[in-house]
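S.K.: Here are the chains, one letter per residue:
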Amino acid sequence: MSNHTGDLTISQPPGCTENTVTNETPPAPIASTKGLNADLVFKGVTAAFAFSILVILALMALEMVKESLPTIKAFGWEFINSSDWNPVQDTFGALPYIWGSVVSSILALALATPLSVGTALFITEIAPRKFGGVVASLVELLAAIPSVIYGLWGVLVMAPWLQQTVQPFLIEHFGFLPFFQGAPYGVSMLAAVFILMIMVIPIITSITKEVLLAVPQSQREAAIALGATRWEMIRMAVLPYGRSGILGAVILGLGRAIGETMAVTMVIGNTPQISLSLLSPAYTMPSVIANEFAETTSKLHASALMEIGLILLAVTLVINVMARLLLWGMTRQAAGGAK
Amino acid sequence: MNPKVKIDKLNVHFGQTHAVKDVSIDVPENTVTAIIGPSGCGKSTMLRSLNRMHDLFPSARVTGKVLLDGGDIYDRKVDPVSIRRRVGMVFQKPNPFPAMSIYDNVVAGYKLNGRVKKSDADEIVETSLRRVALWDEVKDRLKNNSMELSGGQQQRLCIARTIAVQPEVILMDEPASALDPISTLKIEELIEELAEKYTIIIVTHNMQQAARVSDYTAFFYMGDLIEWGETKKLFTTPEKKQTEDYITGRFG
Chain A
1 MSNHTGDLTI SQPPGCTENT VTNETPPAPI ASTKGLNADL VFKGVTAAFA FSILVILALM
61 ALEMVKESLP TIKAFGWEFI NSSDWNPVQD TFGALPYIWG SVVSSILALA LATPLSVGTA
121 LFITEIAPRK FGGVVASLVE LLAAIPSVIY GLWGVLVMAP WLQQTVQPFL IEHFGFLPFF
181 QGAPYGVSML AAVFILMIMV IPIITSITKE VLLAVPQSQR EAAIALGATR WEMIRMAVLP
241 YGRSGILGAV ILGLGRAIGE TMAVTMVIGN TPQISLSLLS PAYTMPSVIA NEFAETTSKL
301 HASALMEIGL ILLAVTLVIN VMARLLLWGM TRQAAGGAK
Chain B
340 MNPKVKIDKL NVHFGQTHAV KDVSIDVPEN TVTAIIGPSG CGKSTMLRSL NRMHDLFPSA
400 RVTGKVLLDG GDIYDRKVDP VSIRRRVGMV FQKPNPFPAM SIYDNVVAGY KLNGRVKKSD
460 ADEIVETSLR RVALWDEVKD RLKNNSMELS GGQQQRLCIA RTIAVQPEVI LMDEPASALD
520 PISTLKIEEL IEELAEKYTI IIVTHNMQQA ARVSDYTAFF YMGDLIEWGE TKKLFTTPEK
580 KQTEDYITGR FG
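Sequence lines, in order, name chains A and B. Sequential numbering from 1 applies to the first sequence in this note's numbering. Sequential numbering from 340 applies to the second sequence in this note's numbering.
Keep in mind that the hints were calculated from the coordinates and are not lab data. Among the hints, a few may not be true.
DEER-style ranges, computed between Cβ atoms [to be verified]: (1) B/404 x A/325: 49 to 55 Å; (2) B/398 x A/45: 47 to 53 Å; (3) A/176 x B/486: 47 to 53 Å; (4) B/398 x A/183: 58 to 64 Å; (5) B/480 x A/77: 46 to 52 Å; (6) B/408 x A/129: 34 to 40 Å; (7) A/110 x B/425: 39 to 45 Å; (8) A/137 x B/356: 47 to 53 Å; (9) B/398 x A/51: 46 to 52 Å; (10) B/486 x A/63: 45 to 51 Å; (11) B/486 x A/298: 57 to 63 Å; (12) B/356 x A/56: 26 to 32 Å; (13) B/456 x A/157: 38 to 44 Å; (14) A/318 x B/398: 55 to 61 Å.
Sample of chain B residues with no beta-carbon within 10 Å of chain A, all distances over it, derived [to be verified]: (15) 353; (16) 397; (17) 406; (18) 414; (19) 421; (20) 454.
Listed below are the simulated EDC-like cross-link pairs for lysine to aspartate or glutamate, each with C-alpha atoms no more than 20 Å apart in a straight line [to be verified]: (21) B/572 x B/531; (22) B/536 x B/563; (23) B/432 x A/221; (24) B/478 x B/554; (25) B/450 x A/221; (26) A/130 x B/394; (27) B/450 x A/232.
As the structure is a computational prediction, the values presented were derived from the model and not from experiment. Positions of the beta carbon are idealized from the N, C-alpha and C atoms, including for glycine.
Pulled out of the complex, with its shape left as it was, chain A reads as follows (with noise of 0.2 Å):
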């Protein structure tokens, strides 16, 4: 018996005498109570770096909606329904921001949409594998270059292209239709629309790109061996097949869209404004609170643009959460496809 003991203190980590004090018998699970100890604290570490995410985004939403209750209380629904923001009179409406984020948002995933999903299948069912893999690094290069190269890009080279050649062109061909009706300045809702187009494609290529991959080969067999061609087998049986998980990646890409800040504030022509067309300068919600907060005439205008920020993290919230849950469901179909 004593023998036994003995073997165990031999074979115990010396940082664990401390433990062997505390306890009267300590046979055999004395040797990995050290480890036991380090995951615990490992546990809790880890546990409350998590948490505190939570607790910051708490925070923040609460010290947002705190902020805000000036105006809330002030104008109520009138806030987001009233275009009549004037700082120096103190009378906050925000639906123009609201509307330029909006539209400049939406018409940008119409065009990047089905860009992205034609590159991503380019990628995934028609390149060679080692081709297809070059465009998607490049594709994902172009996530990473910061906004304010787009912008300084948008504002240099490409409005005054728009100016100059697509707007006159617009004006003149489809000068009848109410969205290309004025004159042509350059910064426009149209220079915001393509800038965010150019910026929301590598999210959703790639996003798509996955989606993609994660359809079985099995489905791509079974519409090849009905003889379809290649064309065919991607609307049979890839398409459908990933079609909530390339929504998914759409509506990612109009988060992406609509908390887009720098760039867009650098072509949109920053004014405030409702207008069907496409060429008179607009503003939106990012780029209102980035041009004002610094000069905030009084507190009723600091709370107006802290609301601002609140409808706009709302929005992005519930944006973010129906793509992650659409994602999910993708992935859910995938495993349970494969059964």
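Since the structure of chain A is provided, determine the placement of chain B on it from the hints.
M.R.: Chain B in isolation, oriented as in the chain A frame:
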């Protein structure tokens, strides 16, 4: 009688691997030919070369001839899509399209021919599902999602989808290996019935299954065709020692 499918000195390479070596088999019309052999012996690879499925994988190289009614399907002028409409395929795991209803799954391939009248589609769906003995089980829920069905029902749905295109030859790659015994039995009965109208080539792991359903059997080992002939003869008086060892369970 000319064979429906004549495999003539067929070789398949995957990169450095020589998966199918110089194989020649004649498959008569309206018969069931079983391909047996241990795992990795090249039997699935052989099967997939009969409707040019290897075209999907650039690493596969097929040489030799596969004659369908006397015409080489690997002829450069032949469109592989047209071959696959004549030579259908059923896979190991049931793979219905999960985003489609039962009805839409059955007509999925048929619709590739162009616009389809609703009445024609209805008829195709009913006859195809009746032929695979699934009609009575699903006729009241044709618009429901195909993933509601059990594994065996899904596999029969996949067979219905294949015959809806009205192929001449049906390739089956271990069609019952993922199914329970009762579903397996149903698939086997189905194969015998289908042989009245179609030429069937089936890869199977299960020797009893080969003995039960097939008219001809080919035994593969390490990419070589060891022996082929009438099933009864191959299972009772095999010519080669290797075949005898395999069917008596001495290896494999």
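S.K.: Determine for every hint whether it applies to the structure shown.
M.R.: Tested hints:
Evaluation of the 49 to 55 Å hint for residue 404 of chain B and residue 325 of chain A yields a pass: the beta carbon distance comes to about 53 Å. Under the hint 47 to 53 Å, the C-beta atoms of residue 398 of chain B and residue 45 of chain A, about 48 Å apart, fit the expected range. Distance hint check: the CB atoms of residue 176 of chain A and residue 486 of chain B are about 50 Å apart, consistent with the given range 47 to 53 Å. At roughly 59 Å, the beta carbons of residue 398 of chain B and residue 183 of chain A sit within the given window of 58 to 64 Å.
Between residue 480 of chain B and residue 77 of chain A, the C-beta spacing of about 47 Å keeps the proposed range 46 to 52 Å intact. For the pair residue 408 of chain B and residue 129 of chain A, the supplied restraint of 34 to 40 Å holds, since their beta-carbon distance comes to about 36 Å. With their beta carbons about 42 Å apart, residue 110 of chain A and residue 425 of chain B fall inside the hinted range of 39 to 45 Å. At roughly 30 Å, the beta-carbon separation of residue 137 of chain A and residue 356 of chain B lies outside the given 47 to 53 Å, and the hint is violated.
Roughly 50 Å separates the CB atoms of residue 398 of chain B and residue 51 of chain A, a value that falls within the hinted 46 to 52 Å. In this structure the hint that residue 486 of chain B and residue 63 of chain A lie 45 to 51 Å apart at CB holds, the actual value being about 47 Å. Here the CB-CB span from residue 486 of chain B to residue 298 of chain A is close to 60 Å, well matched to the stated 57 to 63 Å. At about 56 Å, the beta-carbon gap between residue 356 of chain B and residue 56 of chain A misses the expected band of 26 to 32 Å.
Between residue 456 of chain B and residue 157 of chain A the C-beta distance comes to about 55 Å, which lies outside the given range of 38 to 44 Å. Residue 318 of chain A and residue 398 of chain B have their C-beta atoms about 46 Å apart, which leaves the hinted 55 to 61 Å range violated. Every beta carbon of chain A lies more than 10 Å from that of residue 353 of chain B, the smallest distance being close to 15 Å; the non-interface claim holds. Not every C-beta of chain A lies more than 10 Å from that of residue 397 of chain B, the closest at about 7 Å, which undercuts listing it as non-interface.
Residue-level check passed: residue 406 of chain B sits 19 Å from the nearest beta carbon of chain A, beyond 10 Å. The non-interface label for residue 414 of chain B is consistent with chain A: the shortest C-beta to C-beta separation is roughly 17 Å, beyond 10 Å. The claim that residue 421 of chain B lies off the interface is violated: its Cβ sits roughly 7 Å from the closest Cβ of chain A, which falls inside the 10 Å cut-off. The Cβ of residue 454 of chain B sits about 14 Å from the closest Cβ of chain A, beyond the 10 Å cut-off, so the non-interface label holds.
Distance restraint check for residue 572 of chain B and residue 531 of chain B: the Cα-Cα separation of roughly 19 Å lies within the 20 Å cut-off, and the hinted pair is therefore satisfied. With a C-alpha separation of about 30 Å, the suggested pair residue 536 of chain B and residue 563 of chain B falls outside the 20 Å cut-off, and the hint is violated. Under the criterion of a C-alpha separation no larger than 20 Å, the hint pairing residue 432 of chain B with residue 221 of chain A is consistent with the structure, at around 11 Å. At roughly 33 Å between alpha-carbon atoms, residue 478 of chain B and residue 554 of chain B are farther apart than 20 Å, so this suggested pair is violated.
With a C-alpha separation of about 17 Å, the suggested pair residue 450 of chain B and residue 221 of chain A falls inside the 20 Å cut-off, and the hint holds. Only pairs whose Cα atoms come within 20 Å are accepted, and residue 130 of chain A paired with residue 394 of chain B is accepted, the gap being roughly 18 Å. With a CA separation close to 10 Å, the supplied pair residue 450 of chain B and residue 232 of chain A stays within the 20 Å bound.
In this structure, the earlier hints numbered 8, 12, 13, 14, 16, 19, 22, 24 are contradicted, and the remaining ones agree with it.
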